[in-house]
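My request is simple: use the sequences and hints to build the entire structure.
Counting along the first sequence from 1, when you hit position 61 you're at 152 in the working numbering, and nothing is skipped either side.
Treat the hints as calculated values from the structure; they're not laboratory data.
Keep in mind that a hint or two might mislead.
Said to hold, decoys possible - Pairwise CB distance ranges, derived in the manner of DEER restraints:
{"#": "1", "residue 1": "D196", "residue 2": "P553", "range": "50 to 56 Å"}
{"#": "2", "residue 1": "C412", "residue 2": "E193", "range": "55 to 61 Å"}
{"#": "3", "residue 1": "K238", "residue 2": "E407", "range": "48 to 54 Å"}
{"#": "4", "residue 1": "G482", "residue 2": "P553", "range": "44 to 50 Å"}
{"#": "5", "residue 1": "R415", "residue 2": "T240", "range": "44 to 50 Å"}
{"#": "6", "residue 1": "K533", "residue 2": "F184", "range": "23 to 29 Å"}
{"#": "7", "residue 1": "L160", "residue 2": "S107", "range": "31 to 37 Å"}
{"#": "8", "residue 1": "S506", "residue 2": "C412", "range": "40 to 46 Å"}
{"#": "9", "residue 1": "E193", "residue 2": "S506", "range": "55 to 61 Å"}
{"#": "10", "residue 1": "S231", "residue 2": "S107", "range": "20 to 26 Å"}
{"#": "11", "residue 1": "N157", "residue 2": "E423", "range": "41 to 47 Å"}
Said to hold, decoys possible - Pairs of lysine-lysine, DSS-like flavour, derived with a Cα cap of 30 Å:
{"#": "12", "residue 1": "K295", "residue 2": "K559"}
{"#": "13", "residue 1": "K493", "residue 2": "K510"}
{"#": "14", "residue 1": "K463", "residue 2": "K401"}
{"#": "15", "residue 1": "K401", "residue 2": "K464"}
{"#": "16", "residue 1": "K500", "residue 2": "K315"}
{"#": "17", "residue 1": "K151", "residue 2": "K315"}
{"#": "18", "residue 1": "K463", "residue 2": "K116"}
{"#": "19", "residue 1": "K315", "residue 2": "K297"}
{"#": "20", "residue 1": "K527", "residue 2": "K295"}
{"#": "21", "residue 1": "K493", "residue 2": "K533"}
{"#": "22", "residue 1": "K171", "residue 2": "K527"}
{"#": "23", "residue 1": "K101", "residue 2": "K500"}
{"#": "24", "residue 1": "K401", "residue 2": "K447"}
{"#": "25", "residue 1": "K225", "residue 2": "K340"}
{"#": "26", "residue 1": "K102", "residue 2": "K277"}
Using N, Cα and C, we set each Cβ at its ideal position, and we do this for glycine too.
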Amino acid sequence: MSKEIGITVKKNEDFSEWYTQVVIKAQLTDYAPVKGLIVLRPYGYSIWEFLKSSVDQKLKATGHENGFLPVLIPESLLSKETTHFAGFTPEVFWVTHSGDAEIGDRLALRPTSETLAYSMYSKWIKSWRDLPLKINFWNSALRAEIKSTKPFLRTSEFLWQEGHTAHTTPEEAESEVMTILDIYRKTVEEELAIPVIVGKKSEKEKFVGAVYTTTMESIMPDGKALQMGTSHFLGQNFSKPFDVKFLDKQNIETFAWQTSWGVSWRLIGALIMVHGDDKGLVLPPRVAPIQAVIIPIYSSQPDKEAVLRKANEIKEVLAKCGFRIHVDSRDEFTPGYKFNDWEMKGVPLRIEIGPKDLAKNKMVLVRRDSLKKSDLSFETVEEGVAHMFDGIQEDLFEKAKKLLSERTKNVADLSQFKKEIETGMFLSSPWCGDQKCEEKIKEDTGADIRVIPFDVKRSNAPCIVCGKPSKTDAMFARGY
RNA sequence: GGGACCGUAGUCUAGCUUGGUCAUGAUGCUAGCCUGGGGUGCUAGAGGUCGCCGGUUCAAGUCCGGCCGGUCCCA
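This is the structure we're talking about:
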C-alpha cells in the first residue's frame, strides 16, 4: 500500500535521504521550529538514556562524580584562554539582553565549559589534598551551525557529557585521558556494537587549547569517518590562565595538570548509520528501548483471548529476566503492518504467537538484523531469547568490524590515495608530520587526518605528500 | 564557503508555465462493520490562515520581493 509510511529510498542508493527518513520515521527525533535544533522524542531519548547510563556507571566506578554547570558564560571568562576562544568564537550564540536592557559583558551559551569549570576549580583547589578532582557534567552544548545541519550529527545544540579533571602530576592526568578513552571505546564497542580506531589527533585537528587530543574514529557506510568521542590532555594550558593551582607536599605552588573529555548523542547517529538497513533502524539489543516485540495473531474471538493471554504470559516471564518486552495488541492494525512498523523502529527481535503456535506449544522468532525466522518452545523462552539477543549483538558487531576492515587500506602512493579516497576509504598512509602536507591533502582531496592510531604499523615509506622520510603513518578520510 | 532544489489537512501530493467555482487525490485520523501468519476491504465523518510578511492586480496557492524553515550536492 502506501510506501510513504516506510523508508522510500535504499541505504546504498541515497544515503543522506535514507538517514533523514530513518531518524524522522522511526520517531527518534523531529525538527524544532528554530533552524538546526531538534527535539528528541521518547524513543530517541530512551536510546540516549541507555548510552548515558552505560557511560555514567563506568565513570562512577572510576572515581568520577557528577555536577552541573550553568548554560551562560560571560565573555570575559570565555576569552581568557586565547586560542581556545579564537577556535570557538565563530559558532558561539550570544545573549546580549535581559529584557530590554543590554548586558554589558555579553553572555555566551556554552559551546563547552572548560572556562567556566576551571574558574570554579581555581576556587575549590588549594592543596594537593584537593586532588585529583574529577567531575563530570551531563548537559547540552550550543554551537551555531549555519549550514548543513543533520539530526544527531550536526545540530546547533547537542546532548553530551563533558568531564573536567585536575591532577597533581602530568603522568596522572595522562593516565586519566587514557582511562576515559577506554571507557568510551568499551561503551561504543560493547553497547553500540561499533568498532573504533583509537589514537591521537594531529596538531591541526586537536581540541583548541589542548596539549593533545586522543580520539576514537569509525567509518560510516557512506565512506565518511565519524569522530565518536575525544579525551584531551590539557597540560597546564588552562590551569595557568584560570589560576588552578595548589600547594604540593613540598609547599611549592604548582599549576594543576588537567584533562577534559566528552561523548555526545552523535553516537546515536553512528548507530543509525552503521546498523540500519533498507527497512529502517536496526538496534543492538543492549541499547534497544524495546528488545522484543510480541505480535499476537488471531482471527476468531476465542483465538484472540488465548493468544493474548499467552503473549502476556511470555512477556511477564521475559520481563522477570530483565528484558524489555512489548506486546503489540493494537487491534486496528494487521500483523503485516505491525511487522513493518517495528522493523522500521529497529526492534531487535520479533515474537509471533498465533493459534498454530499455541497448538504446537511454540512461538516464531524473527531477528531484525537477518530477518531469519526460527521456532522456540514455550518451555525454553528465557534461555532461547537471551541466547538470541547475545547472537544479534555479536553478529552486529562482527558485521560492523567487517565494514571497518573493508573500508581500511594502507596506501603509500599519492595517485592511488586520490583514487581510493574517492571511493570512501579510510587510508593509512605515511606522513612526515608537517602540517603543510596535511593541509595539502585536505586541499587536493578533502581528506583529513582522522587519527594516528596508537597501534600504528609503520610502513617506513616516504611521506605520501612531500616524499621526505615519514615520522608515522596516519589514518586519512573525509569526515562528517 | 560555493551551488541546486523544496514548503498546499498529521503525511505524501495535483494545481503554479498561461492569475478568475481549483483547493485535487491518496494515505492517516474518528465511528461502525469486515479482516488478521508481511503495509486488508467497505460505509459514513472530521480535518486547510495554500510557511510568514509585504508588493502588483478588480482578483494571488498561482506573478514579484524579503524573511523563516527544510533537503541534496560540492569544498
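Structure-based check of each hint:
D196 and P553 have their C-beta atoms about 52 Å apart, which keeps the hinted 50 to 56 Å range intact. Taking the beta carbon of each, C412 and E193 are about 60 Å apart, inside 55 to 61 Å as hinted. The supplied range of 48 to 54 Å is met by K238 and E407, whose beta-carbon atoms lie about 51 Å from each other. Look at G482 against P553: about 47 Å separates their beta carbons, and that is inside 44 to 50 Å.
A beta carbon spacing of about 31 Å between R415 and T240 contradicts the range 44 to 50 Å that was offered as a hint. Look at K533 against F184: about 28 Å separates their beta carbons, and that is inside 23 to 29 Å. With their beta carbons about 35 Å apart, L160 and S107 fall inside the hinted range of 31 to 37 Å. Between S506 and C412 the beta carbon distance is about 57 Å. The supplied range of 40 to 46 Å is therefore violated.
Here the CB-CB span from E193 to S506 is close to 58 Å, well matched to the stated 55 to 61 Å. In this structure the supplied range 20 to 26 Å holds for S231 paired with S107, their Cβ-Cβ distance being about 25 Å. For the hinted restraint 41 to 47 Å between N157 and E423, the CB-CB distance of approximately 44 Å keeps it satisfied. For the hint linking K295 to K559, the alpha-carbon distance of about 20 Å falls within 30 Å, and the restraint holds.
In summary, the hint linking K493 to K510 is supported, as the alpha carbons are separated by about 22 Å, within the 30 Å threshold. Between K463 and K401 the CA atoms are separated by roughly 23 Å; this keeps the pair inside 30 Å, and the hint holds. Distance restraint check for K401 and K464: the Cα-Cα separation of roughly 20 Å lies within the 30 Å cut-off, and the hinted pair is therefore satisfied. Distance check on the hinted pair: K500 and K315 sit about 14 Å apart at the alpha-carbon level, within 30 Å; holds.
Annotation: proposed proximity of K151 to K315 is violated, straight-line Cα distance about 33 Å (limit 30 Å). Between the alpha carbons of K463 and K116 the distance comes to roughly 24 Å, so the proposed pair stays at or under 30 Å and holds. Restraint check for K315 and K297: satisfied, since their Cα atoms lie roughly 19 Å apart, inside the 30 Å limit. Taken as a hint, the K527 and K295 pair is honoured in the structure, with Cα atoms around 10 Å apart against an allowance of 30 Å.
Note on K493 and K533: the hinted pairing holds, with a Cα-Cα distance of about 27 Å set against a maximum of 30 Å. The straight-line distance between the Cα atoms of K171 and K527 is roughly 29 Å, inside the 30 Å bound, and the hint therefore holds. Simply put, K101 and K500 have alpha-carbon atoms about 26 Å apart, close enough for the 30 Å limit, and the pair holds. Between the alpha carbons of K401 and K447 the distance comes to roughly 13 Å, so the proposed pair stays at or under 30 Å and holds.
For the hint pairing K225 with K340, the CA-to-CA distance comes to about 20 Å; that is within 30 Å, so the pair holds. Annotation: proposed proximity of K102 to K277 holds, straight-line Cα distance about 27 Å (limit 30 Å).
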